[in-house]
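S.K.: Respectively, the protein sequence lines represent chains A and B.
If you want the working numbering, it's the 1-based position in the first sequence plus 560.
If you want the working numbering, it's the 1-based position in the second sequence plus 560.
Bear in mind the hints are in silico, worked out from the structure with no lab data behind them.
This structure is a prediction, so every number in the text was calculated from the model and none was measured.
Misleading hints may appear alongside valid ones.
One-sided excerpt, in silico: chain A residues whose CB lies under 10 Å from chain B [said to hold, decoys possible]:
1) Pro771
2) Lys783
3) Gly949
4) Phe963
5) Glu1092
6) Lys1096
7) Ala1116
8) Pro1117
Glycine is no exception: its CB is placed at the ideal position from the N, C-alpha and C atoms.
Number of protein chains: 2
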Amino acid sequence: MKIYRVNLDELKVTEELVKDTYSLLGGRGLTSQIILDEVDPACDALGKHNKLVIAPGLLSGTSAPSSGRVSVGAKSPLTGGIKESNSGGTVAQKIGKLGIKAIVIEGIPKSDDFYKLVVDKDGAKLEVCNDFVGKGNYETMESLLEEYGKHCSFMTIGPAGEFKLQAASIAISDPDHRPTRHCGRGGLGAVMGSKQLKAIIVNDEGTTPIPIHDKDKFRKAAKDFAKMLMDHPVSGGGLPKYGTAVLVNILNEAGGLPTKNFESGRFDKAGMISGETVSEKIEERGGKVTHACHPGCVIQCSQIYNDKDGNYLTSGFEYETIWAFGANSMISDIDVIAMLDRMCDDTGVDTIEIGNTIAVAMEGGVIEFGDTKGALNLLAEVFKGSPLGRIIGNGAGFTGKAFGVRRVPVVKNQAMPAYDPRAVKGQGVTYATTPMGADHTAGYAVTSNILGVGGTIDPLKKEGQLELSRNLQIATAAIDSTGFCLFVAFAVIDNPEALPKIVDMLNAMFNLELTGDDVTNLGISILKAELEFNAKAGFTKLDDRLPEYFYEDEFAPHNTTFDFTGGELDSVLKFD
Amino acid sequence: MKIYRVNLDELKVTEELVKDTYSLLGGRGLTSQIILDEVDPACDALGKHNKLVIAPGLLSGTSAPSSGRVSVGAKSPLTGGIKESNSGGTVAQKIGKLGIKAIVIEGIPKSDDFYKLVVDKDGAKLEVCNDFVGKGNYETMESLLEEYGKHCSFMTIGPAGEFKLQAASIAISDPDHRPTRHCGRGGLGAVMGSKQLKAIIVNDEGTTPIPIHDKDKFRKAAKDFAKMLMDHPVSGGGLPKYGTAVLVNILNEAGGLPTKNFESGRFDKAGMISGETVSEKIEERGGKVTHACHPGCVIQCSQIYNDKDGNYLTSGFEYETIWAFGANSMISDIDVIAMLDRMCDDTGVDTIEIGNTIAVAMEGGVIEFGDTKGALNLLAEVFKGSPLGRIIGNGAGFTGKAFGVRRVPVVKNQAMPAYDPRAVKGQGVTYATTPMGADHTAGYAVTSNILGVGGTIDPLKKEGQLELSRNLQIATAAIDSTGFCLFVAFAVIDNPEALPKIVDMLNAMFNLELTGDDVTNLGISILKAELEFNAKAGFTKLDDRLPEYFYEDEFAPHNTTFDFTGGELDSVLKFD
C-alpha cells in the first residue's frame, strides 16, 4: 500500500510508504487523521496550506458487499472545521485495487492553469487541462470517458468548484460514467478548485486482486453479510424498491418533513414527490427503479430517472434532494426537481446545501415559494457565476446574510438535511454536536426515532436522544472508515450477528483479531481527532448549538421546539 | 439623568433611572457595559435579542472642547462580537443636553412597518414612517429637517441598513443637517435596520444647560485644554488645514499606504489624492477647508468639498475614505472619490469597509483596478439592493468569498483601514488584538510609528509595539467614554498637562476626585468588559490574528512581513 502526495505548487507527485500508525485506518479514519496531522487548523481553507485527502475505505476494492465508499477530507471552507464527505460511485474500488491508501493533494499552482491527475498502475501524474475549464461535470466526464475509456473512474469539479463556492461538491462517476454521486457536503469541491485541480482519472486496468490474508473466512463473512443486508426490510426492501425517497411519505406522516424553509412539518403535496411516485414514473418511462452506484452493492438504492420522453434525466435522485427542492421549496413537480438535481450534479454543488439555499432565497423574496422557473434559473446562475449565482453557490448561511433572512437552518454554517430537529429530536442532537456541521449521516437517529430500527424512541421527546446520537456517531465514524455504505447500519443495528461479520472481514483481510469493542474504539478515536482539529480551528461550545429560532418557534403539527440545554448537548461527545 | 428603553416589539418607550453602577460611565464605557449586561453574546446579531445602545460621552453637551462624540453599541453582525462605533456630528450634544444617559433600542416589530423615534424635552415616542423606506440618508435628512426644524439632529439609516447589510452605517447629521458623519464600523446600521428603525430625531429645544458642580473650575480646564489642542501641530495645524487627508502623502512617503488591495505601500498617483490637493480644490471651488462637525470643536478637521461647478458634493471627506477608494482601488480622480464618499453617506455604508470591498471585487475580476465608472456603479448597486449590491454591501470578507479572492484584509471579518500592518507594525498589533475587529482608532499606533507623536518607534520593527498598542487601547477606551474626539490624543500624548485638564473637567462636573490612574483603570475595565463579551460570543485567540498572507507576502517597498507570534499578540490585552 502507498500514499500519493500530489503537490500543485511544484507540480509533482511523490509516492510514500504508509506510516505504521495509518496502516489500520481507511476512509474517514484516515482522512481525518492526516488532516489533523498535517493541516494547520487556523489556515485559510482555500489557501495553500489546506490539503485535500482522498481515501477509499479499508475494504473498498474487495468483494465485501456495498463497500465502495470513498472519503474526501479537508478543512472545510463552509464550516471552517474539519470535513469528511464520503460518496459512492466507482472510484473507491479502483483506488483500492491500485493499492493506494490515500491521495494527499497540497499546494496551489503558481500559474492560472487547471490540472488533471491521472492515476493508474504505473503511477500518478499531473497534466494541464485548461480545455475543461468552465465545463459542467456531465460534459467533463463524457470527454474523459472518450479519452481514457470505460475502465476508468473520475472525480471532477464543475464550475462551482472552479469558482471556489462554499457549496461546491466533488463529483464521482457512477457505473455509467455519469457524475451522479458526490462528496457533496462542506464545500470540498471549492478546496479542489482552489488547487486548480479539475479532474482525477483513476484507471485500475492491469491490477491484481487485493491481497486477503484468509480468503475463505473473508468470502464466507462477505456472503453472510450480504444476506443480512438483503434480509433487512429497509436495505433489502424499501431502499431497492423506492430508493431513499421512500422517506418522503414517512417523514411527512411523522410531521417531520421540513416544509417552506422549515416553517412546518407537513407538505400537502408530499404524495406528488414521494418515492412511490418516483418509482411509478420511472417504470412508466422505461428507467430503472433499482440501480447500484458501484459494482457489488446489494442494496442498489439508486435509479435511472428518465424524462417524459423516456430520455435519461438523472440518477442518484435522493430523498434529501427531493425534499430540499420539493417540500422545503414548495415545488411539487417531480420532473422539475429531477432537473434541479441534474443541474446540481452538472454544476457541482451539494443538493442539500443548494436546496436549502433556494428556500432561504425564497424566504428572502428573491423568488416566490414554489416558483419552478425561478428555481431553475437560480441554478443556471450558479453555473454562470453571476453575482446572484455566487450568492446561491455559497450556501444557505451566505444567502441568508445577503437577503436579510432570519430563519436560516444551518449548524456550523452547513445547511440542515431533511429532518426537522424539533420533530425528530435525536437528529437535532446530531446536527448540533457532530464535528461536521448539520449532517444527518453523522448519527442517523431517524432509525429509532422514525423507522423503528434499533427499537423505538419518541422523536418528540428528549429521553434517550443524547445517548442515541452519541452511539450512532461513534458507530458511523467507524463504518465510514470501512468503505461500507451507511445503509448497512440498518442490519447492523437490528441484527446482532451483522457487526461480527464486518469484524470477520477486517480480521480475515488484515490478519487481525479485532473485536466489536475495537470498532467502537476506532469510532471514538476518529471523533476525538476531529474534535481536536475543530477546537484548534477556534470552535467553541457555541458552535454546537442550533440557530436560535429552533428553540423559540414552535413547529407544526406537533408544536414542539428544540429544547436541549447547552450542557446536555455538550455531554454527547464528551470523551475522557 | 435617565435612560430611555425603546421596545420595538411592543412599540413602547419607557424611562428608567440610571443604575448607580452606570453613573460614571458614558459613551463607549456605557454602551459596552449595557451590551455585556443585557445582550446574550450567543444571540443572532440581527435577531430580536440584540440591542442597539446609544450613549453620548460623559462631557457631551457641555462646553468641553471637541467633546461631541456619540457612541453606538451592539453585538456586531459583521464581526459577531461586541461593537462600539462612535461618531461626531451634532446629536451627542443634544442627547446630553436632554439629560439622557443612554437610549436602549430592543426587540423587533411584529409587522413590516418602519418607525422613527422622536426625542425631545417632553419624552420619546415611536411613530410609523414607512414613507421614508428606500430613501437615502440625504433625502431622509432633508425631509426630517423640513418637518422637525433646524434645532434637531438626526440619526438615520439608508437602504443598506434596511437591507441589513453588514457594512451598513448609522448616519449622524452634521451642523448643516447633512448625513456626513457616521457610526460606520461593524454594521450597526444593519442592527438598526433589523429593528425597522429608520430614523431618530433629537430636539433639544427648551433644555437648560447641563448641571456642572464647579463651573469655574470646569470653565478654566476647558479653556486651557482648548489651547493645548490648538497649540499642538497635528490638532492645531495639519488637521484644520488639510483635514485627515494630510496623511496621504505622509503614509505614502513612509511606504505604508496600502495600494492595489494591500499589494504594496506606495501609490504613484498619491499626489492627486493628497490632503494638499483636496485643500487646493476646495479653495478653488469656494468650499470650506476648515469645518467643525459639531459646535465647540476647536480642531475642525472637516471641510465642505464642492464639485467642479462649485456645488456642494460632500463633507467629512476623510483620509481613510480617500485611501480606500483611491490608492487601494487605484483611483486617482479625487472628484470620483468624493462622489463615492457621498454615495456611501447616502446609501448608509462604512467607507472603510466598502472601499476595501471595491478593491477586493477588483482583485476578484468584477471590475478592473482603477475603473471609476465601475466603482460608481458598484455603489449604485448597493443602493438598489441588487444581488451584486448585496454582496458588496456585506463587506470585504463576504465579497472575497463570493469571488474567490485570496487576499482579503480583514480581522474578525472587519476590513482594515489605511495603514498596512507590515509597514506600520504597531497598527497591525491593534488590528489583531482590539475586540472591535480591524480598527485603526482603537489604538492609533500611527502616532509614534509615523507621526513622531509620543516619541518615535520604528514602524518596521517589533520593538515597543506591543506595549504601545496596549497603552493606546487603554487610553482610547477611556477617551471614547468622555465624548472627546480621539484627535485630542495628540495633545494628551505629547503634553503632560493635558490629561490632568480632562480629569479636572470630569471632577468639576461630577464633584469627584479622580486621578489619571482612574482614567487608566476605566480604560482597562471597558476593555475587560468587551473581551468578556467576545469570549462568551465564541471568540478564541485565533480571532486575534491577521489573515495568513500578511505573515507570508512581503510588502514593498520595505519588503517586510507581519511577524508577531501568537503569544506576543495574546500578551497585549492580558489583564489580571
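S.K.: Hint by hint, note whether the structure agrees.
M.R.: Now the hints, each set against the structure:
1. The interface hint given for proline 771 of chain A is violated, since its Cβ lies 43 Å from the closest Cβ of chain B, which is over the 10 Å cut-off.
2. Among the interface hints, the one on lysine 783 of chain A is violated; its C-beta lies about 49 Å from the nearest C-beta in chain B, farther than the 10 Å criterion.
3. With a cut of 10 Å, the hint placing glycine 949 of chain A at the interface with chain B holds, because the nearest CB-to-CB distance is about 8 Å.
4. Contact between phenylalanine 963 of chain A and chain B, as hinted, is supported at the beta carbon level, the nearest pair being about 7 Å apart and thus within 10 Å.
5. Given hint, glutamate 1092 of chain A at the interface with chain B, is violated; its Cβ is 14 Å from that chain's nearest Cβ, farther than 10 Å.
6. Interface restraint check for lysine 1096 of chain A: the shortest CB-CB distance to chain B comes to about 8 Å, inside 10 Å, so the restraint holds.
7. Here the hint on alanine 1116 of chain A is broken, as its CB sits about 19 Å from the closest CB of chain B, past 10 Å.
8. At a threshold of 10 Å, the smallest CB-CB gap from proline 1117 of chain A to chain B is about 24 Å, leaving the interface hint violated.
The structure fails hints 1, 2, 5, 7 and 8 (numbered hints given earlier, in ascending order).
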